[in-house]
Each structure stands twice: as structure tokens, then as C-alpha cells.
Amino acid sequence: MSKRKGAKGKASQSKDAIALAEIEQVFQDFDPGETGILERESAIEAIDVLGAPGGKKLVELMDPENNGFITYENFSDIALRALRDQGMDDTVQQAFDLFDKEHNGQFTFEAFKKVAGTVGEDWSMTELREMFDIADKNQDGFIDQSEFMDVMEKVGLS
1 MSKRKGAKGK
11 ASQSKDAIAL
21 AEIEQVFQDF
31 DPGETGILER
41 ESAIEAIDVL
51 GAPGGKKLVE
61 LMDPENNGFI
71 TYENFSDIAL
81 RALRDQGMDD
91 TVQQAFDLFD
101 KEHNGQFTFE
111 AFKKVAGTVG
121 EDWSMTELRE
131 MFDIADKNQD
141 GFIDQSEFMD
151 VMEKVGLS
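Mapping to this note's numbering: the sequence shown position 95 is 95, numbers consecutive.
To be clear, the hints were calculated from the coordinates, so they are not data collected in a lab. Fair warning: there could be bad hints in the mix.
[What the hints assert, rightly or not] Straight-line alpha carbon distances no greater than 35 Å define the calculated DSBU-like cross-link-like pairs of lysine-lysine that follow: (1) Lys56 <-> Lys15; (2) Lys114 <-> Lys101; (3) Lys57 <-> Lys15; (4) Lys113 <-> Lys137; (5) Lys15 <-> Lys113; (6) Lys113 <-> Lys101; (7) Lys154 <-> Lys137; (8) Lys114 <-> Lys154.
[Claimed, not checked] What follows is a list of derived Cβ distance ranges for each label pair: (9) Thr126 <-> Met149: 21 to 29 Å; (10) Ala21 <-> Thr126: 17 to 25 Å; (11) Thr126 <-> Glu24: 48 to 56 Å; (12) Thr91 <-> Glu24: 18 to 26 Å; (13) Asn67 <-> Val115: 46 to 54 Å; (14) Met131 <-> Gln93: 14 to 22 Å.
As the structure is a computational prediction, the values presented were derived from the model and not from experiment. For glycine and all other residues, C-beta sits at the position ideal for the given N, C-alpha and C.
Whenever a hint applies, use it, and build me the whole structure from the sequences.
Pasting the structure below:
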């Protein structure tokens with residue numbers, strides 16, 4: 001393992017530790033009796049405080065028995081995954097913004113070619129065109145945000 005990968009792993013663990021501390025604090029704020037259990041509505045509010053999207057759907061995942069109560073263990077597991085996903089979505093959005101210099105929700109082959117030339121890979125024009133055409137599902141000459149997200153999901157980056 002390279003030092004770079006090890007450092008990245010430690011950074012990820014550190015982010016998780018910070019997120020878990022925040023999750024625990026928010027859970028405690030909504031559990032003043034220290035029961036280790038939140039009612040469904042309190043859990044939705046707690047998710048909102050954490051800033052994770054989809055509070056109601058997340059709480060459904062946290063309450064697999066559908067009894068209206070959320071344990072700390074279920075809350076922390078699902079909340080941590082949601083916060084990780086949100087961070088990944090932000091990263092994918094930042095990547096899209098590198099290509100979308102005009103901020104109109106899409107980019108051309110020329111923009112793709114410029115950014116691709118800065119990442120340190122030596123792709124041929126044919127390879128670049130093939131990558132672009134694969135991503136441009138509707139073949140309109142642009143890669144829009146939806147097409148970009150589809151590619152990121154397929155390569156495991158979203």
C-alpha cells in the first residue's frame with residue numbers, strides 16, 4: 001500500500017469519526033431522557049439537523065420493524081451512510097462543474113477534451129470521442145448532469 005492510499009484511508013476514518021461524534025451529539029439532543037431510542041418524528045428532525053437529505057425515507061430504513069422507534073445503532077448506521085453519500089454527491093457535483101464552465105447544466109466535447117487533458121492521462125482523440133459518445137446517451141452533442149451522474153454511478157463514484 002502506498003503512503004498516499006494510507007493517508008487517504010486515515011482521512012476517511014477521521015471524517016467518519018467526526019461525523020459519528022456529530023451524529024451522537026444530535027441523537028443525544030433529541031433523546032434528553034437518555035433512553036437510546038428516538039420516536040420517528042424526532043429522528044426525522046435529527047436527520048434534518050444533521051443536514052442529510054431524505055429524512056423521512058432514511059427513518060423508514062432506521063425502523064425496519066415499523067414500530068415507530070429508532071435505536072441509536074440504527075440511527076447512527078443509516079445517518080453515517082447518508083452523510084457519506086451526501087459528501088460523494090458534492091464531490092461529483094464539483095467534478096461536473098469542472099466541465100460545465102458556462103454553468104448551463106451541460107458541456108460539449110470541447111470542454112470535455114480540455115479538462116481530460118489536465119488529468120495526466122494521455123488519451124487519443126479517438127478514445128476521448130468514444131468516452132464522450134458513450135456518456136452522451138441521447139446523442140445531442142452535450143453531456144448533461146443526468147448523463148454525467150449515470151457515468152459516475154457506473155464507475156462507482158456516486
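Here is how each hint holds up against the structure:
1. Lys56 <-> Lys15: 24 Å, holds
2. Lys114 <-> Lys101: 11 Å, holds
3. Lys57 <-> Lys15: Holds - the C-alpha atoms of Lys15 and Lys57 are around 24 Å apart, at most 35 Å.
4. Lys113 <-> Lys137: 18 Å, holds
5. Lys15 <-> Lys113: Given pair Lys15, Lys113 holds - Cα atoms ~33 Å apart, limit 35 Å.
6. Lys113 <-> Lys101: 13 Å, holds
7. Lys154 <-> Lys137: This hinted pair holds, its Cα atoms lying about 13 Å apart.
8. Lys114 <-> Lys154: Distance of about 23 Å is within 35 Å: holds.
9. Thr126 <-> Met149: 21 to 29 Å: 25 Å, holds
10. Ala21 <-> Thr126: 17 to 25 Å: 50 Å, violated
11. Thr126 <-> Glu24: 48 to 56 Å: 53 Å, holds
12. Thr91 <-> Glu24: 18 to 26 Å: Holds, at about 25 Å.
13. Asn67 <-> Val115: 46 to 54 Å: 50 Å, holds
14. Met131 <-> Gln93: 14 to 22 Å: Since the Cβ atoms of Met131 and Gln93 sit about 20 Å apart, the hinted range of 14 to 22 Å holds.
Violated hints amount to a single one, hint 10; each of the other numbered hints is respected by the structure.
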